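Novice: Protein chains in written order, with this note's numbering: chain H, 377 to 641; chain U, 31 to 317.
None of these hints come from the bench; they were simulated from the model. One or more hints might be untrue.
Derived Cβ-Cβ restraints for the label pairs, each shown as a range [claimed, not checked]: (1) U/A88 x H/P568: 23 to 31 angstroms; (2) U/A145 x H/R435: 55 to 63 angstroms; (3) H/S565 x U/A145: 46 to 54 angstroms; (4) H/R613 x U/K133: 31 to 39 angstroms; (5) H/W569 x U/G55: 51 to 59 angstroms; (6) H/A424 x U/A107: 41 to 49 angstroms; (7) H/P568 x U/L32: 22 to 30 angstroms.
Far from chain U by the CB rule (all over 12 angstroms, computed), these chain H residues [stated by the list, open to error]: (8) L405; (9) A424; (10) P507; (11) A511; (12) G519; (13) F526; (14) R540; (15) D562.
If you want the footprint, here are the derived chain U segments under chain H, 3+ residues with CB under 8 angstroms [as the list claims (entries may be wrong)]: (16) 117 to 125; (17) 181 to 192.
Remember, it's a predicted structure, so these values are computed and weren't measured experimentally. No residue lacks a Cβ here, since even glycine has one placed at the ideal position from N, Cα and C.
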Amino acid sequence: MNLLLPGMYVAADSPLHRLDPRVKMGAALGLMALPFAVHTLPGSLLLAALVAALALLARAPMLALLRTVRTVFWLALLMFFFYFFTTPGRPLIAWGGVGVTVEGLAAGATQVYRICLLVVVASLLTYTTSPAQLAHGLEALFGPLERVRFPVREMVLVLTIALRFVPTLFAEIEIISKAQRARGADFTSGGPWRRLRSLVPIFVPIFVSALRRAEELATAMDARGFRSAPRRTRLHRLSLGRNDLVACLVVLTAALLILGLERWM
Amino acid sequence: MLIRIENLRYIYAPGTPLARTALDGVSLELHPGERVGIVGQTGSGKSTLAQQIAGLLAPTAGRVLLDGTAAYERTAAARAQRRRIGLAFQHPEQQIFEQTVFKEVAFGPRNLGLAEAEVAERVQWALEMVGLDPAVFIERVPFALSGGEMRRVALAGILAMRPDVLILDEPTAGLDPRGRWELLGRVGSWQAETGMTLILISHHLDEVARLAERVVLLARGRVAADGAAGQVLGDSQLLHSAGLAAPQPLALLEALRAAGWPVRTDRLLPEQVAAEIGQAWRQRSRS
């Protein structure tokens with residue numbers, strides 16, 4: 377593994393690592409919604425600076441964190457061109473009936489900015505919060521829904537397991553793709569169709585092992601007498617400390633400031 | 031193929047809190063037709079070294095030269111050299127993806143751009159080499175085979191590329207004792223038949239003693255020893271300092287010696303140990 381992967385938790389000690397998972401998740405949710413409310417350049421830059429400051433506070437390696445964006449490169453590119461070509465406005469260049477506009481360029485860039493920020497904030501959350509903490513926080517946040525018979529704990533369990541296996545899956549893809557490369561497989565040449573087909577030797581083994589792992593995990597849970605129904609007790613209970621309140625206030629103030637700036641500019 | 035490794039360093043996930051030095055200045059020269067065992071504790075850098083030789087990882091510093099061409103390059107020349115190297119990862123059966131054994135084994139040869147007739151011939155040959163009757167197995171679904179058979183299909187897929195260098199990373203992991211020795215016997219005969227360079231990575235020293243003529247001992251990403259198999263594997267102190275236990279025959283001979291028997295301890299194979307004990311016994315009964 378040569379990069380920090382999205383969804384990867386790194387057990388370190390930083391102010392952000394120590395925060396209550398509920399606070400972190402709430403803040404992350406807010407920070408992920410904010411880019412959609414920000415439309416001006418200064419606002420966007422300020423928001424990016426806020427996220428960068430948080431990354432510094434988490435003692436996260438900035439370059440590696442930025443590189444997690446690579447995983448959504450194609451999606452971002454697609455979004456960019458979609459907005460680039462479909463936004464009406466002042467024409468920049470026009471050829472073959474396809475008009476490219478200044479507004480299109482701006483709209484495309486905005487979409488890319490939003491996607492990147494989403495990925496970075498999500499990576500920052502998982503980087504500083506262990507899967508167990510995430511699950512605990514989710515359970516606490518969505519707990520009230522149990523009143524209306526929503527299977528909160530089951531959903532959280534599914535989510536935790538999925539998160540837990542993201543790094544495993546990436547590691548496996550890396551090994552299998554190396555093994556196939558050693559057999560002369562080529563994933564980088566040919567047209568789109570050939571490239572897509574060249575992925576079959578990677579994805580078939582990955583699916584086979586994922587299915588086998590799911591079965592083994594189910595057996596292991598069964599063997600330990602796991603049942604979904606009972607309410608569990610916790611070794612560590614969540615409690616909001618002073619730092620958590622400060623963090624809430626800081627993020628809230630920063631968010632309001634950015635939104636306010638948007639309004640008055 | 032001459033493999034020259036010069037001052038090779040490799041760091042995983044550099045610049046992150048997970049950074050870990052896997053290879054820390056390794057220099058080696060592996061000659062054509064040699065049978066080399068690479069041994070070391072888990073995490074000593076064995077598998078990383080294998081991937082470096084196969085050109086699957088970019089060195090952090092230093093280089094790997096395959097007949098003079100850097101292994102990790104995006105040039106056609108480097109690709110041509112890499113294709114002469116066959117690498118079987120640990121648990122190679124996990125890379126199986128095709129619907130029939132034939133297609134699975136043919137994947138490598140087809141990637142080499144060989145004609146279909148040649149591909150078919152190589153699949154036949156490779157399946158025979160791993161001890162699977164082509165007439166029986168060729169049309170079977172690999173996923174329906176037993177674990178040991180799948181392992182052999184995967185190895186056939188690599189042999190069918192007729193590599194000049196074959197790297198096996200823990201080839202016997204997870205096999206039962208009989209499957210182990212049978213596979214090792216086959217590996218020995220592949221090497222004898224094709225004259226390829228064989229690089230066997232393992233922490234089972236008994237297996238390495240059986241197959242390798244030269245042994246490289248890795249410890250913490252460095253070469254701790256490099257020499258004739260008897261010399262490296264016969265040095266229990268050296269092995270111990272690298273976190274490995276001496277092979278069984280050596281342990282037995284050392285115990286006999288400590289008990290006052292006149293035996294030499296640089297014997298590594300069971301039959302050699304038997305001969306040594308017999309000789310010591312005769313010598314004692316004469317005096």
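Novice: Hints first: check each against the structure and report whether it holds.
Specialist: Now the hints, each set against the structure:
Checked against the hint of 23 to 31 angstroms, the C-beta distance between U/A88 and H/P568 comes to roughly 27 angstroms, which is consistent with it. Take U/A145 and H/R435: their Cβ atoms lie about 58 angstroms apart, and the range 55 to 63 angstroms holds. Range check, H/S565 to U/A145: Cβ separation about 21 angstroms, and the 46 to 54 angstroms hint is violated. Distance hint check for H/R613 and U/K133: the Cβ-Cβ separation is about 56 angstroms, which falls outside the suggested range of 31 to 39 angstroms.
In this structure the hint that H/W569 and U/G55 lie 51 to 59 angstroms apart at CB is violated, the actual value being about 45 angstroms. In this structure the hint that H/A424 and U/A107 lie 41 to 49 angstroms apart at CB holds, the actual value being about 44 angstroms. Roughly 40 angstroms separates the CB atoms of H/P568 and U/L32, a value that falls outside the hinted 22 to 30 angstroms. The beta carbon of H/L405 sits about 26 angstroms from the closest Cβ of chain U, which is more than 12 angstroms, so the claim that it is off the interface holds.
The claim that H/A424 is not at the interface with chain U holds, since no C-beta of that chain comes within 12 angstroms of its own (minimum 21 angstroms). Once the 12 angstroms rule is applied to beta carbons, H/P507 is consistent with being away from chain U; the minimum gap is 16 angstroms. Separation of H/A511 from chain U is adequate, the least Cβ-Cβ distance of about 23 angstroms exceeding the 12 angstroms criterion. The Cβ of H/G519 lies farther than 12 angstroms from every Cβ of chain U, with a closest approach of about 33 angstroms, so its non-interface assignment holds.
Residue placement check: H/F526 keeps its beta carbon more than 12 angstroms from all beta carbons of chain U (closest about 37 angstroms). The claim that H/R540 is not at the interface with chain U holds, since no C-beta of that chain comes within 12 angstroms of its own (minimum 17 angstroms). For H/D562, the requirement that its beta carbon stay farther than 12 angstroms from each beta carbon of chain U is not met, with the minimum near 7 angstroms. With 5 residues having a Cβ less than 8 angstroms from any Cβ of chain H, the region 117 to 125 of chain U passes the three-residue criterion, so the hint holds.
Given as covered by chain H, the region 181 to 192 of chain U passes the check, having 3 residues with a CB less than 8 angstroms from a CB of that chain where 3 are the minimum.
Checked against the numbered hints given earlier, the structure breaks hints 3, 4, 5, 7 and 15 and satisfies all the rest.
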